[in-house]
Every structure is written in C-alpha cells, then in structure tokens.
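Engineer: Residues per chain, in single letters:
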Amino acid sequence: MSGVRRFPFWSWVWFALGVLYFVLPLYATLDFSLRMERGAIGFKAYQAAFAATSYGGFWPAFSLSLQYAVLTIIASIILVVPTAYWIRLRVPQARRVVEFITLMPFVVPAIILVFGLIRVYSQPFNIPFTSIPLIGSLTNSPWGTGILMVAGYMILGLPYMFRSVDTGMRTVDVRTLTEAAQSLGANWFTIMVRVILPNVRTALLSGALLTFAIVIGEVVLASYLGINSFGPYLFLVGQHRAYEPAALTFLTFLLTWVAMGLIQLITGGQGQAAGAH
Amino acid sequence: MTEITVMGARAKLPAPSWRTWLGVVPFFLFAILFLFLPSGRLLVGSFFDDQGHLSFGNILELVEQPYILNSYWLSIRISAVTALGGGVFGFLLAYAVTIGGLPRSLRTALITFSGVASNFAGVPLAFAFVATLGRTGFITALLKTYFGWNVYDRGFSLYSFAGLALTYMYFQFPLMVLIMAPALDGLKREWREAAENLGASTTQYWLKIALPILLPSILGSMILLFGNAFGAYATAYALTGGTLPIITIQIGAQIRGDVLHNPGLGYAMAMGMVFIMAVSLAGYSWLQGRTERWLR
Numbered sequence: 004m005s006g007v008r009r010f011p012f013w014s015w016v017w018f019a020l021g022v023l024y025f026v027l028p029l030y031a032t033l034d035f036s037l038r039m040e041r042g043a044i045g046f047k048a049y050q051a052a053f054a055a056t057s058y059g060g061f062w063p064a065f066s067l068s069l070q071y072a073v074l075t076i077i078a079s080i081i082l083v084v085p086t087a088y089w090i091r092l093r094v095p096q097a098r099r100v101v102e103f104i105t106l107m108p109f110v111v112p113a114i115i116l117v118f119g120l121i122r123v124y125s126q127p128f129n130i131p132f133t134s135i136p137l138i139g140s141l142t143n144s145p146w147g148t149g150i151l152m153v154a155g156y157m158i159l160g161l162p163y164m165f166r167s168v169d170t171g172m173r174t175v176d177v178r179t180l181t182e183a184a185q186s187l188g189a190n191w192f193t194i195m196v197r198v199i200l201p202n203v204r205t206a207l208l209s210g211a212l213l214t215f216a217i218v219i220g221e222v223v224l225a226s227y228l229g230i231n232s233f234g235p236y237l238f239l240v241g242q243h244r245a246y247e248p249a250a251l252t253f254l255t256f257l258l259t260w261v262a263m264g265l266i267q268l269i270t271g272g273q274g275q276a277a278g279a280h
Numbered sequence: 067m068t069e070i071t072v073m074g075a076r077a078k079l080p081a082p083s084w085r086t087w088l089g090v091v092p093f094f095l096f097a098i099l100f101l102f103l104p105s106g107r108l109l110v111g112s113f114f115d116d117q118g119h120l121s122f123g124n125i126l127e128l129v130e131q132p133y134i135l136n137s138y139w140l141s142i143r144i145s146a147v148t149a150l151g152g153g154v155f156g157f158l159l160a161y162a163v164t165i166g167g168l169p170r171s172l173r174t175a176l177i178t179f180s181g182v183a184s185n186f187a188g189v190p191l192a193f194a195f196v197a198t199l200g201r202t203g204f205i206t207a208l209l210k211t212y213f214g215w216n217v218y219d220r221g222f223s224l225y226s227f228a229g230l231a232l233t234y235m236y237f238q239f240p241l242m243v244l245i246m247a248p249a250l251d252g253l254k255r256e257w258r259e260a261a262e263n264l265g266a267s268t269t270q271y272w273l274k275i276a277l278p279i280l281l282p283s284i285l286g287s288m289i290l291l292f293g294n295a296f297g298a299y300a301t302a303y304a305l306t307g308g309t310l311p312i313i314t315i316q317i318g319a320q321i322r323g324d325v326l327h328n329p330g331l332g333y334a335m336a337m338g339m340v341f342i343m344a345v346s347l348a349g350y351s352w353l354q355g356r357t358e359r360w361l362r
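Protein chains in written order, with the numbering used here: chain R, 4 to 280; chain D, 67 to 362.
Please note that the accuracy of each hint is not assured.
Sample of chain D residues at the chain R side, in silico, Cβ under 7 Å [to be verified]:
1) Trp-84
2) Thr-86
3) Leu-108
4) Phe-122
5) Pro-132
6) Leu-135
7) Leu-159
8) Asn-185
9) Phe-186
10) Arg-201
11) Ala-207
12) Thr-314
13) Ile-317
14) Gly-338
15) Phe-341
16) Met-343
No wet-lab data here; the hints were simulated from the structure.
Glycine included, each C-beta is placed from N, C-alpha and C at the ideal position.
Can you build the whole structure from these sequences, using the hints too?
Structural biologist: Pasting the structure below:
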C-alpha cells in the first residue's frame, strides 16, 4: 500500500450491496409484520402470534424448542468436554478420527440423518446376532423420540461444539492444570468440574450459543420425528396465516442475532461459521 | 495446523494402554449409535432390492430413472450457481472489509452480521424472502410502484429456480465472508511491497501473486458453499412447498411414504447424496491444505 490511498470506491460499493442484501429481507419482514391492522402500523401481528392457540399454540411450541436446546447443550458439554480433554491429555492418537467424526454432519445432512435414525430406531433393537429385544422402538414412545431429537441435535452441533471446546483447551495448558490439581489431591470429577470447565467457559458459551441457534428453529428432525416444536409450528402457521409468521420470523432473526452477537462479544471476533441448513 | 508439531512431539511416547482409550469410548459409542448406525443402515439398505436380495440394481437405477437424475441435477445446478455467486460476492465483500481500505469498525459489523445470516436459514429465511420478493413482497411492490415493472409478469417467480437461488444466497455469501476474511488477512504486506519495488502494477500483483495464493482457498470455500446448499432442505421446502424437486425434497417424500415403491432405491438416493457431499468436503480440505502452506 504505497503512498496515499485513493478513496476505496469499489470497496464501498461491495459493502453497500452486501448491506442491502442483508437488510432488505429483514426490513421487508418487519414492515409486513407491522401492517396487520389495515391502514395502521402496530404490533397486532405480534400480539396475535403470541396469543395464538391453533396448531398447539406459540408458547408450547417455543418452550419445547427451548427445552431441546438446553438439553442438547448440556448433553453436548457432558459428551464433548471430557472427550476433548482426554484427547489433549492422554490419547492424541485419537484426535484425527474424532475430528473426522465431528465433521461428519457436513457429509450427512439433517435430512439423511433423520432418515437413518427413523429406519434404525423405528424397529425394536435386538442384541446383535440374536432376536432378544434390547430396547423397544424408540420412535413410538415420547421418551424415545426425545432421545433421538437430542442425539440428532448433538450430532448436528458437534462440529461447532467440538471445535469451540478444543480451541478453548489449546489456550489453557490442560496438562499443567491437571498436574497441579492432582498434586493438590483432586480427583477426576473435581478436575473436570472445578478446573477444566471454568477455564474453557468462553469456548463453552460460544459452542452453546451456536447450538442454540441451530436447535431453536430447526425443522427437519422435529417434523420427521413428529415433534411440534417451534420450527414445524412456524411452518404450519406460515401455511395458513400471513402476518403472524412474519412477526415470528422477525423474532427468530433477533434471537439468532442475539446469540451470534454474544458469541462475537465473548470471543472477541473469533466466532465461527455454521452452515449445513 | 499447530497440532502437527504437538502430535509429533508426543509420538515418541509409548502407545497408551487400553485403559487410557476407555476415556474416549463414550464419544465413539455415541457416534456409532446415532451417526454410523443410521447412515450404515441406509448404506447397507441401498444394496438390497425390495425382495431382500443383494443387488446393485438400486445404484444403477439412480442414473437410469429420469425422476431421480433430474433431482440430482437440479440440486447440483442450484448449489453450483449459489456457490459461484455467493463465492464471488462474498469474496469481494471480504476483500472490501479486510484489505479494501474500509474502516475497521465496518469489518466487525460485517463479520457479526455474516455470522447471523449464515445461521439464518430454513423456514424463517423462506418467509423473509416471501415478504421481500413474493407476489406482494416489499421489493416487488417497490418495483411496480416506482418503475412500473411487475417482475412476475416478466417471468420472475420467487418460487422458481431463480427465486430459490436468490434465497440461498442469503446464507451463502456470508459463509464465504467468514471463511475468506482470515485468508485475506494472511496475505503478507511484504509480498505486495516486494512486487511494487520490482515495478509491478496493482493488476499484476493481483493476477500474479495474490490470486494464485488465494485460489485454492477461494475454490475450496466455493466447494464448501456447494455442499452447504446441496444439503439444504427446509428453506426450499418452506419456500416452494415441494414443487421444485431438489434431491433433499425427494428424500423427504421418500421418508414420509415410500413414493418410489422401493425402499432400497430410497436408501440409494440418500447415499448418492452423501457421496456427493463427501467428495465436496474432501475437495475442500485438500484445497484448504494447499493454501495453508502460504497463509499462516
């Protein structure tokens, strides 16, 4: 970059185009959602959307999605943190294959995953090579479907959760921390909960928020497993209503925005990209 | 790629005992139960005909049935178009906020927004575009009022290939921005200075130095975008209600009820998709590896 730089005309042009592409659909949605009352601007669509009772109602669907998000985040942390820790500490040989597995959701998208899950778990599961049933059909019980939902979401969130946690552990010296804790007489559980977890909390939070963004509006797993969570609910309302779905769409965007904004804030700009829609 | 040095140093240590491996067993067990078993079931199922005999018939039928072939082709076209469009536009945007001379604050804003937009997909995205470019959408109305253009009279429809492509672009180019921004940061100032000292023009610098270095990264990222669009289902379904038969929508129909009247063919259709996704991910990581030699 020699001398005085010219005014970066083209950069501004690209930037302006990008901003337009980002903003116009959101503005259009907001604008539309405020026009439910003829000739007036107001929040009627939002009130109607929250008060809706058809198709199971907004709040039950939304709180169901929230529950799945929370359960998925907790289960992911329990699965991923000890695994990432152990790989870093004792079995670096396992790193390549674990990393490979965490990338699998980019190869097996949600629609394929749910296809396979339904085919495998709609039948009773026998002990291999025998006909002795181990567990019944998971898709037939609410409990079993819940397990499949959470497990499926854990798989979909795995790339982000694992990478987040693994990067977090790279910045703290887990080996020294572990040795220090051990010399003070801590057991594995104490080390995990009181030493490792607090030290990777930023990474956990960013992984958790990404998982939240994936789960909250997810529709593929939920609709094929027959769960009336927020994604399928929004889809149904969209088939029959005009203004309420626009209001809910705008709110979904705000939620995603909050989650991503928080990630940006806590990681100082090192947030990650998701993908696989 | 700092891992390589770490692993190299540890490789001298004795192999861990089987007890040490127990620590990663829960993870592998989870992956087997909820990832490999389901996809393995589809893979195995695609090699059996509807009488339960081992056969390659399903795989052959994939390329023989125009119904399936067209769906793959449609998916491939929409993914390629949005990967190319999103890739080029995303690259230009990433360029603008990294080395393009825009204020630093705009970069933070764009990266955050890209993070949001690349995660904003599925049903809400489809609805947002209906409000924008649908028959009574904001832009549609704007063009009609101020320019007298009714885009729907001129052959445009949001519920068509072009409309779906425009919608996919909303999560495609932000993903490109997120991947390319760090790569553009990796271009060293010294390379540019050296080129300028030797009398190279800006065009020469870009054509002979910057682009060759960045090319594997650009291509790799576009392949990633391709896979990103190829696996998308909810956006297309919510937007077109299944009238645009991309491959994910056909697979969805096959899950709901055996529309092909041959479960094995359904599995094969799913596996064909996994195969394409796997090839694109492999291409991405190979090209990414080539760039990392230069951009660290």
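Engineer: So, for every hint listed, does it hold in this structure?
Structural biologist: Verification of the supplied hints:
{"no.": "1", "hint": "Trp-84", "in the structure": "11 Å, violated"}
{"no.": "2", "hint": "Thr-86", "in the structure": "5 Å, holds"}
{"no.": "3", "hint": "Leu-108", "in the structure": "5 Å, holds"}
{"no.": "4", "hint": "Phe-122", "in the structure": "20 Å, violated"}
{"no.": "5", "hint": "Pro-132", "in the structure": "22 Å, violated"}
{"no.": "6", "hint": "Leu-135", "in the structure": "19 Å, violated"}
{"no.": "7", "hint": "Leu-159", "in the structure": "5 Å, holds"}
{"no.": "8", "hint": "Asn-185", "in the structure": "5 Å, holds"}
{"no.": "9", "hint": "Phe-186", "in the structure": "5 Å, holds"}
{"no.": "10", "hint": "Arg-201", "in the structure": "12 Å, violated"}
{"no.": "11", "hint": "Ala-207", "in the structure": "9 Å, violated"}
{"no.": "12", "hint": "Thr-314", "in the structure": "5 Å, holds"}
{"no.": "13", "hint": "Ile-317", "in the structure": "5 Å, holds"}
{"no.": "14", "hint": "Gly-338", "in the structure": "10 Å, violated"}
{"no.": "15", "hint": "Phe-341", "in the structure": "9 Å, violated"}
{"no.": "16", "hint": "Met-343", "in the structure": "5 Å, holds"}
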